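In case you want the letters, here they are:
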Amino acid sequence: MPNMSLEKVKMPEQDPNVRNKNFKEVSQGYTEEMAIEEAARCLGCKHHPCMGGCPVNVQIPDFIKLVAERKFEEAYHKIQETSSLPAICGRVCPQENQCEKYCVRGVKGEPVAIGRLERFVADWYMKYGKSEVKKAASNGKKVAVVGAGPAGLTCAGDLAKLGYEVTIFEAFHTPGGVLVYGIPEFRLPKDIVKEEIRKLEAMGVTIMTDMVIGKVLSIDELLGEEGFSAVFVGTGAGLPSFMGIDGENLNGVYSANEFLTRINLMKAYRFPEYDTPIYMGKDVVVVGGGNVAMDAARSAKRLGAENVSIVYRRSEEEMPARREEVHHAKEEGIDFKLLCNPVRILGTEDGWAQKVECVRMELGAPDASGRRRPVPIEGSEFTVDAEVVIIAIGQSPNPLIKDTTPDLETNRRGCIVVREETGATSKKGVYAGGDAVTGAATVILAMGAGKTAAQSIDAYLKEK
Amino acid sequence: MFKIIRKEILNPSVSLIEVDAPYIARKAEPGQFIILRVDEHGERIPFTIADYDREKGTVTIIFQIVGQSTERLNELNAGDSLQDFVGPLGKASHFEGVKTAAVIGGGLGTAIAYPQAKKLHAMGVEVDMINGFRNKDMIIIEDLCADACTNLYTMTDDGSNGNKGFVTAKLEELISAGRKYDIVIAIGPLVMMRAVCELTRPYGIKTIVSMNPIMIDGTGMCGGCRVTVGGETKFACVDGPDFDGHLVDFDQAIRRSKMFAKGERRSREAHHCRLEGMDRA
Chain A
1 MPNMSLEKVK
11 MPEQDPNVRN
21 KNFKEVSQGY
31 TEEMAIEEAA
41 RCLGCKHHPC
51 MGGCPVNVQI
61 PDFIKLVAER
71 KFEEAYHKIQ
81 ETSSLPAICG
91 RVCPQENQCE
101 KYCVRGVKGE
111 PVAIGRLERF
121 VADWYMKYGK
131 SEVKKAASNG
141 KKVAVVGAGP
151 AGLTCAGDLA
161 KLGYEVTIFE
171 AFHTPGGVLV
181 YGIPEFRLPK
191 DIVKEEIRKL
201 EAMGVTIMTD
211 MVIGKVLSID
221 ELLGEEGFSA
231 VFVGTGAGLP
241 SFMGIDGENL
251 NGVYSANEFL
261 TRINLMKAYR
271 FPEYDTPIYM
281 GKDVVVVGGG
291 NVAMDAARSA
301 KRLGAENVSI
311 VYRRSEEEMP
321 ARREEVHHAK
331 EEGIDFKLLC
341 NPVRILGTED
351 GWAQKVECVR
361 MELGAPDASG
371 RRRPVPIEGS
381 EFTVDAEVVI
391 IAIGQSPNPL
401 IKDTTPDLET
411 NRRGCIVVRE
421 ETGATSKKGV
431 YAGGDAVTGA
441 ATVILAMGAG
451 KTAAQSIDAY
461 LKEK
Chain B
1 MFKIIRKEIL
11 NPSVSLIEVD
21 APYIARKAEP
31 GQFIILRVDE
41 HGERIPFTIA
51 DYDREKGTVT
61 IIFQIVGQST
71 ERLNELNAGD
81 SLQDFVGPLG
91 KASHFEGVKT
101 AAVIGGGLGT
111 AIAYPQAKKL
121 HAMGVEVDMI
131 NGFRNKDMII
141 IEDLCADACT
151 NLYTMTDDGS
161 NGNKGFVTAK
171 LEELISAGRK
181 YDIVIAIGPL
191 VMMRAVCELT
201 RPYGIKTIVS
211 MNPIMIDGTG
221 MCGGCRVTVG
231 GETKFACVDG
241 PDFDGHLVDF
251 DQAIRRSKMF
261 AKGERRSREA
271 HHCRLEGMDR
281 A
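Those protein sequences? They're chains A and B, same order as listed. Residues 1 to 464 in full-length UniProt numbering are what the first sequence lists, from first letter to last. Residues 1 to 281 in full-length UniProt numbering are what the second sequence lists, from first letter to last.
Calculated directly from the structure, the hints in this document are not laboratory data. Treat the numbers as computed from the prediction; the structure is a model and nothing was measured. Think of the CB as a built atom: it goes at the ideal place given N, C-alpha and C, for glycine as much as any other residue. Treat the hints with care, as some may be off.
[What the hints assert, rightly or not] Computed beta-carbon distance windows for the label pairs:
#1 A:T348 - B:G165: 32 to 38 Å
#2 B:L76 - A:K282: 38 to 44 Å
#3 A:N17 - B:R54: 57 to 63 Å
#4 A:D335 - B:M123: 58 to 64 Å
#5 A:M208 - B:R54: 19 to 25 Å
#6 B:P202 - A:F242: 30 to 36 Å
[Claimed, not checked] The list that follows gives simulated cross-link-like pairs (lysine-lysine, DSSO-like), each with its CA atoms no further than 27 Å apart:
#7 A:K71 - A:K134
#8 A:K267 - B:K3
#9 B:K119 - B:K7
#10 A:K194 - A:K161
#11 B:K234 - A:K402
#12 B:K27 - A:K142
#13 A:K464 - A:K141
#14 B:K27 - A:K402
#15 B:K3 - A:K194
#16 A:K190 - A:K127
#17 A:K402 - B:K91
#18 B:K258 - A:K282
#19 A:K190 - A:K134
#20 A:K427 - B:K27
#21 A:K161 - A:K142
#22 B:K119 - B:K206
#23 A:K24 - A:K267
#24 B:K27 - B:K91
#25 A:K282 - A:K21
#26 A:K108 - A:K65
#27 B:K258 - A:K355
#28 A:K355 - A:K282
#29 A:K8 - A:K46
#30 A:K135 - A:K190
#31 A:K267 - A:K199
#32 A:K190 - A:K10
#33 A:K355 - B:K234
#34 B:K27 - A:K428
#35 A:K301 - B:K258
#36 A:K190 - A:K24
#37 A:K427 - B:K91
#38 A:K161 - A:K134
#39 B:K258 - A:K267
With the hints as extra help, turn the sequences into a complete structure.
Dropping the structure here:
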């Protein structure tokens, strides 16, 4: 008997006024009984429209059926056939725009909580799973993956399953990319990322950290003397944009990348137990409306800031952040100043940020992206107190690979040009995917691109 | 992990370590730097590459004990390992067409100026090296420097080595005496680099400085190291660390270097508490 409830089984969460003072995970996950109850809402549609919305083609009705039958270990292996990082996807995918968007149950009521179920299965397996992931027999061919973010990890996992000897080169001291330096602990616990990566290593993937490709080795050297038959570039979009307004170089002004890297990767929130410091103030302004802005604002609150505002130039409807994150931020006491844009940052005499001057905006005619263009309202300037200002208005690809690989075609925004269906770049044997190609996008799209590239690399090397 | 092959104490607050890092040694050039992390709880700190040996596969850095992380680094000895050692980072220095140069090192900056002087000297450039220290006990790598230039002038603030005065005084004396320089390279504390730039500006001598702002990743992904050069924001870790000193906003750089001063004090105190606790145990 399917469970015909119109609503998803609720997921337990930490109380907003407790969680905004700690970095522990906000959402606590389903219990076995909750998961079985939610799984019973899936109708097991023959045409499974949900799967069309998943960039890595998880076999959704099949794994959910196994959950309903309490076969959690089998459910895990079903997901694992197509996805290497389910504990992460289940947490950070914008399911409302992907699998759950196409769920038949969503026509009337809420869709099946596919993300929560995927997360449940992955977490269950981490705790109780008996069977270790298998290491495929080597086919003797070496593939290099540049960047250990979601795209690179997915590509490496898929290639390892096919028997390739994969080495990932990572610039940071910890693999994971945005999963470790960007997304905070309270959304994605780092132990979970570590465990997912450990499983990849058990599958035979080698990870070399502290290797900045473009400096210590070039792409040409990887394909030449280092003996790799193909290279996947998944270097992301890590170069922060600044606004170019007065006062942006005052003390107390951070890029969101710096602020979040200090907190997440360097654990500055546990200073002085960890050595990396962070400067915090009573009043904080975060500029931007994406997930990065939400993460920065919520982290600032957890570091003890009293008043944290998000300043965004459009209205809530245009915000690129996930609905759930905006909702969580509001619950935690983050103030939203919508249709506002910073004009300059004012500082003290000795050069510390003090206030942000903003101007109110109104929405004009739609621009090329289809969103209504914000226009400043003359004479509407006002100031907001801010000892700390965090700029979260976007990132673009780091030019390091492009500058050291002259025959790799990039567009005017510095993104690597690829054939969408294969991930092949202009350079033979070199494939790319994720934010390095699209500019800043989502974790799951990067995973999808890594998957596509792995298939293309396999086809290319079989033919070669 | 990266093994320390050799350690040398250069003066009471400055040490040298040679680290086994074959990949970096293959590519390193003067002007570039590395980022290291002492241990799992450590912060990422940048150090200019003082020397490298491509055959042996080693990279040498020279550091001054100024805070908690450098204190911990100095507790390590040959045979110990560093958690992380990343590089070579930043742009290498370029000296095409230079025939005469003054290379100026202030304190620890001498160790960073040394590979620049060495490279210029090897290219056949006539190099005057002017190094400044607080007193004669603080002087480092004098022999190495003497071999890396045409004329070496070692100055002390208090004259305890018989050559009293700041580096700027010696530079001014040489210029006034008619010495012509195609380029001046100044490396040391921000106030010293600013003073050199103010001195050379009216003479119109091209002056290169090596900026040392706060860094985290060192690969251009955070902008923590941003400096204003000629009115534009630059990231020292990728666009530098060398810049045209006459275009650098030194006041801003000095201010930004103090952003975490309070945290640094707290961290050092915590470290001392831990050490004292260990003594008692």
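Going down the list of hints, with the structure as the test:
A hinted range of 32 to 38 Å holds for the C-beta pair T348 (chain A) and G165 (chain B), which are about 36 Å apart. In this structure, L76 (chain B) and K282 (chain A) meet the distance hint of 38 to 44 Å, their C-beta atoms being roughly 39 Å apart. At about 59 Å, the beta-carbon gap between N17 (chain A) and R54 (chain B) stays in the expected band of 57 to 63 Å. Our hint of 58 to 64 Å for D335 (chain A) and M123 (chain B) holds, since their Cβ atoms are close to 59 Å apart.
Taken as a hint, the range 19 to 25 Å holds for the pair M208 (chain A) and R54 (chain B), whose Cβ atoms sit roughly 20 Å apart. Against the hinted window of 30 to 36 Å, the Cβ-Cβ separation of P202 (chain B) and F242 (chain A) comes to about 34 Å, which satisfies the hint. A threshold of 27 Å between alpha carbons decides the hint, and for K71 (chain A) with K134 (chain A) the separation of about 20 Å falls inside it, so the pair holds. Pair hint K267 (chain A) plus K3 (chain B) holds up; C-alpha atoms about 25 Å apart against a cutoff of 27 Å.
For the hint pairing K119 (chain B) with K7 (chain B), the CA-to-CA distance comes to about 24 Å; that is within 27 Å, so the pair holds. Between K194 (chain A) and K161 (chain A), the direct Cα distance comes to roughly 19 Å. Compliance with the 27 Å bound is thereby established for this hinted pair. Distance check on the hinted pair: K234 (chain B) and K402 (chain A) sit about 19 Å apart at the alpha-carbon level, within 27 Å; holds. At most 27 Å may separate the alpha-carbon atoms for a hinted pair to count; K27 (chain B) and K142 (chain A) meet this at roughly 23 Å.
Between K464 (chain A) and K141 (chain A) the alpha-carbon distance is near 11 Å, which keeps this suggested pair within the 27 Å criterion. A threshold of 27 Å between alpha carbons decides the hint, and for K27 (chain B) with K402 (chain A) the separation of about 18 Å falls inside it, so the pair holds. Pair hint K3 (chain B) plus K194 (chain A) holds up; C-alpha atoms about 25 Å apart against a cutoff of 27 Å. Using a Cα cut-off of 27 Å, the hinted pair K190 (chain A) and K127 (chain A) holds, with the two alpha carbons roughly 16 Å apart.
The suggested pairing of K402 (chain A) with K91 (chain B) holds, with an alpha-carbon distance near 15 Å, which does not exceed 27 Å. Proximity of K258 (chain B) to K282 (chain A) is assessed by CA-CA distance (about 19 Å); at most 27 Å being required, the pair is judged to hold. Simply put, K190 (chain A) and K134 (chain A) have alpha-carbon atoms about 24 Å apart, close enough for the 27 Å limit, and the pair holds. A distance of roughly 24 Å separates the Cα atoms of K427 (chain A) and K27 (chain B); the hinted pair therefore holds under the 27 Å criterion.
Taken as a hint, the K161 (chain A) and K142 (chain A) pair is honoured in the structure, with Cα atoms around 13 Å apart against an allowance of 27 Å. For the given pair, K119 (chain B) sits about 18 Å from K206 (chain B) by alpha-carbon distance, which is consistent with the 27 Å threshold. Taking the CA atoms of K24 (chain A) and K267 (chain A), the gap is near 13 Å; set against the 27 Å cutoff, the hint holds. Between the alpha carbons of K27 (chain B) and K91 (chain B) the distance comes to roughly 12 Å, so the proposed pair stays at or under 27 Å and holds.
Our distance criterion of 27 Å between C-alpha atoms is met by K282 (chain A) and K21 (chain A), whose separation comes to about 14 Å. Among the hinted pairs, K108 (chain A) with K65 (chain A) is consistent with the structure: their alpha-carbon atoms are about 21 Å apart, no more than 27 Å. With a CA separation close to 20 Å, the supplied pair K258 (chain B) and K355 (chain A) stays within the 27 Å bound. Restraint check: the Cα-Cα separation between K355 (chain A) and K282 (chain A) comes to about 12 Å, which is no more than 27 Å; the hinted pair holds.
For the suggested pair K8 (chain A) and K46 (chain A), the alpha carbons sit about 21 Å apart, so the restraint of at most 27 Å is met. Annotation: proposed proximity of K135 (chain A) to K190 (chain A) holds, straight-line Cα distance about 24 Å (limit 27 Å). A distance of roughly 24 Å separates the Cα atoms of K267 (chain A) and K199 (chain A); the hinted pair therefore holds under the 27 Å criterion. Distance restraint check for K190 (chain A) and K10 (chain A): the Cα-Cα separation of roughly 24 Å lies within the 27 Å cut-off, and the hinted pair is therefore satisfied.
Note on K355 (chain A) and K234 (chain B): the hinted pairing holds, with a Cα-Cα distance of about 24 Å set against a maximum of 27 Å. Taking the CA atoms of K27 (chain B) and K428 (chain A), the gap is about 25 Å. The hint holds against a cut of 27 Å. Between the alpha carbons of K301 (chain A) and K258 (chain B) the distance comes to roughly 24 Å, so the proposed pair stays at or under 27 Å and holds. Simply put, K190 (chain A) and K24 (chain A) have alpha-carbon atoms about 11 Å apart, close enough for the 27 Å limit, and the pair holds.
Our distance criterion of 27 Å between C-alpha atoms is met by K427 (chain A) and K91 (chain B), whose separation comes to about 25 Å. Taking the CA atoms of K161 (chain A) and K134 (chain A), the gap is near 8 Å; set against the 27 Å cutoff, the hint holds. Of the pairs offered as hints, the one joining K258 (chain B) and K267 (chain A) holds, with about 21 Å between alpha carbons and a cut-off of 27 Å not exceeded.
The earlier numbered hints are all upheld by this structure, with none contradicted.
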